Amino acid sequence: MMSTSTSLRLFQGNLSSMFAQTSPDVHTQSLPRNLVLYLEEGHLHPHHHLGSQLKVTLVSSQSLAYFSPLAWGPQRTDCKYEFFSSFNIWPSEVRSDLRAGIKAKHQGDLALSERFLRRALDTALSLPVNTFSPEPYLKISGIAISLAEVLESNNRPKEAYEVYENILSRLQKALVFGQELQSQRLHSGVRVSSDTENEDVVKEGEEEELMLTGPERLRAISIASKLGEMAETYQQPLEEEEKWLTWAVEELLRTLRDSQRHPHLPSPDNQEHRKSNEEKEEQEVKLVLSDLDLPHWVRKTDIGAPIEALGAFYAKSGKLEYAMPLYLQAVSLLIPPPGSHHVASPEDTCRAAQLMNNLSELIMRGKPTPQALHQAEAWAQQALGTIRKTESKARDPGQLAVCEQALGAVLFNLASFSEMRDDREKARELFTASWEQSKHVKSQEGILEARAALRRLDRLDRTASKNGSQAGEIKPSS
1 MMSTSTSLRL FQGNLSSMFA QTSPDVHTQS LPRNLVLYLE EGHLHPHHHL GSQLKVTLVS
61 SQSLAYFSPL AWGPQRTDCK YEFFSSFNIW PSEVRSDLRA GIKAKHQGDL ALSERFLRRA
121 LDTALSLPVN TFSPEPYLKI SGIAISLAEV LESNNRPKEA YEVYENILSR LQKALVFGQE
181 LQSQRLHSGV RVSSDTENED VVKEGEEEEL MLTGPERLRA ISIASKLGEM AETYQQPLEE
241 EEKWLTWAVE ELLRTLRDSQ RHPHLPSPDN QEHRKSNEEK EEQEVKLVLS DLDLPHWVRK
301 TDIGAPIEAL GAFYAKSGKL EYAMPLYLQA VSLLIPPPGS HHVASPEDTC RAAQLMNNLS
361 ELIMRGKPTP QALHQAEAWA QQALGTIRKT ESKARDPGQL AVCEQALGAV LFNLASFSEM
421 RDDREKAREL FTASWEQSKH VKSQEGILEA RAALRRLDRL DRTASKNGSQ AGEIKPSS
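Per UniProt numbering, the very first residue in the sequence shown carries number 1; after that it's consecutive.
It is worth saying that the hints were derived from the structure and are not from the lab.
Every value quoted in this text rests on a predicted model; they were computed, and no experiment measured them.
Among these hints, one or two may not hold up.
Unchecked claim - The calculated lysine-lysine pairs, modelled on DSSO-like cross-linking and capped at a C-alpha distance of 27 Å, are:
id, residue 1, residue 2
1, 442, 389
2, 316, 243
3, 158, 316
4, 103, 173
5, 367, 439
6, 389, 316
7, 393, 367
8, 393, 442
9, 158, 173
10, 367, 316
11, 319, 243
12, 426, 439
13, 393, 466
14, 103, 158
15, 319, 389
16, 316, 442
17, 442, 466
18, 158, 243
19, 426, 389
As the list claims (entries may be wrong) - DEER-style ranges, computed between Cβ atoms:
id, residue 1, residue 2, range
20, 452, 115, 51 to 59 Å
21, 240, 464, 47 to 55 Å
22, 93, 240, 52 to 60 Å
Glycine included, every Cβ here is placed at the ideal spot set by N, Cα and C.
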């Protein structure tokens with residue numbers, strides 16, 4: 001079979017007990033303890049259970065290039081930039097180097113771009129943090145990201161990796177300071193001082209600039225996820241990839257938790273943070289990001305992606321007991337429960353359908369008990385229902401791209417379950433639909449898998465017909 005690979009909220013309830021309804025052999029107690037502490041605050045939707053008793057082979061639609069958990073948005077292709085007007089909001093100390101570095105980048109002179117951007121970053125790190133207000137860490141890290149992207153494009157991934165690692169370290173220090181400051185203010189009202197390096201030296205009235213806002217925390221999460229992606233791409237030890245992806249998920253869940261516990265603090269989901277003068281500041285920050293032409297993985301603050309990425313890491317590592325709770329949590333993030341003030345976009349519901357189908361595949365990797373098979377088919381059915389519902393409501397066909405890619409895999413899985421029940425007529429119908437959908441999205445591997453399944457059914461039918469004919473020729477002895 002095939003598997004397919006956000007709103008800000010914390011879910012109440014107990015993940016362990018809810019997860020037991022869908023997969024009794026896997027619990028959050030199997031996860032690393034630091035993740036369990038956060039994931040146990042989650043809540044999952046109950047699912048129906050269907051039946052089957054035979055083993056089935058699953059084919060991951062991630063392997064069919066249906067979905068990449070790190071594809072967080074489209075690459076920008078527009079190369080028209082107003083270099084001499086849009087950079088005016090940057091401090092004068094870095095403005096000219098930034099302008100020259102970005103211009104050189106889009107002219108294809110990566111060596112020259114690196115020189116200017118590196119000098120801009122060095123200058124930025126030597127200036128007081130509040131020079132870059134509002135949201136200074138968003139801007140400073142943006143320079144670092146632009147430099148790292150140039151280095152990676154110039155086939156220098158090791159240096160790019162170091163730039164990402166160094167800027168994340170600075171964001172992590174700011175996070176620690178902000179947590180200490182918030183804690184003391186909430187409990188005693190006492191102001192704290194900082195002993196961090198250079199840019200983090202605190203002066204009177206500067207504490208707020210050193211506390212990361214919600215978007216700045218999401219930036220740190222994005223950088224950690226990028227490091228995890230690079231660790232995989234450039235074949236670093238698995239421990240290195242796991243370290244970054246785990247930190248990204250932990251920090252994501254801390255951010256969500258803090259946005260609920262302390263709604264007056266800056267966070268991505270705090271409506272007060274978006275009002276009055278801060279609306280103007282937010283527009284300023286958006287202009288900055290456009291100036292830098294940041295890569296797609298950091299422009300879209302898709303909070304479900306880090307959880308999906310860590311789940312995919314554990315799935316490929318064979319640690320299914322870790323992967324499944326993470327996929328479940330990602331589904332819950334992508335599709336808020338009824339009554340929530342969040343409305344899932346068609347893109348998010350399609351991604352949730354992919355994850356539901358992935359869960360079906362993961363369940364089937366374990367022992368093929370009747371209960372596991374019931375659960376696996378239930379997830380595949382739920383994935384199909386989610387896709388159909390989204391298709392009926394979406395206004396823009398462009399919003400359904402992910403659903404279109406996932407549908408072939410979902411249909412293939414459901415066909416396999418029908419085959420397991422020896423319902424060959426239904427299996428043939430679904431395999432044919434999967435084949436047609438794979439042709440529609442130009443998935444060569446999906447086409448081959450569906451064709452192979454249909455040929456297998458043809459052989460089974462011929463064998464059954466031959467056996468039936470032979471049985472009819474046998475006459476009873478007189």
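Quick rundown of the hints versus the structure:
1. 442 <-> 389: This hinted pair holds, its Cα atoms lying about 23 Å apart.
2. 316 <-> 243: Between residue 316 and residue 243 the Cα gap is close to 16 Å, so the pair holds against 27 Å.
3. 158 <-> 316: Cα-Cα ~24 Å, so holds.
4. 103 <-> 173: violated, 32 Å
5. 367 <-> 439: violated, 33 Å
6. 389 <-> 316: violated, 30 Å
7. 393 <-> 367: Violated: residue 393 and residue 367 sit about 38 Å apart, past 27 Å.
8. 393 <-> 442: holds, 24 Å
9. 158 <-> 173: Cα-Cα ~23 Å, so holds.
10. 367 <-> 316: holds, 17 Å
11. 319 <-> 243: Roughly 15 Å between the alpha carbons, so the hint for residue 319 and residue 243 holds.
12. 426 <-> 439: Holds, because 20 Å separates the two Cα atoms, which is no more than 27 Å.
13. 393 <-> 466: The hint is violated at about 48 Å.
14. 103 <-> 158: Status holds; Cα separation ~24 Å.
15. 319 <-> 389: violated, 32 Å
16. 316 <-> 442: Status holds; Cα separation ~25 Å.
17. 442 <-> 466: With Cα atoms ~36 Å apart, residue 442 and residue 466 exceed 27 Å; violated.
18. 158 <-> 243: holds, 17 Å
19. 426 <-> 389: Since the Cα atoms of residue 426 and residue 389 sit roughly 22 Å apart, the hinted pair holds (cutoff 27 Å).
20. 452 <-> 115: 51 to 59 Å: Hint holds: Cβ distance 54 Å, inside 51 to 59 Å.
21. 240 <-> 464: 47 to 55 Å: holds, 53 Å
22. 93 <-> 240: 52 to 60 Å: For residue 240 against residue 93, whose Cβ atoms are near 35 Å apart, the range 52 to 60 Å is violated.
Checked against the numbered hints above, the structure breaks hints 4, 5, 6, 7, 13, 15, 17 and 22 and satisfies the rest.
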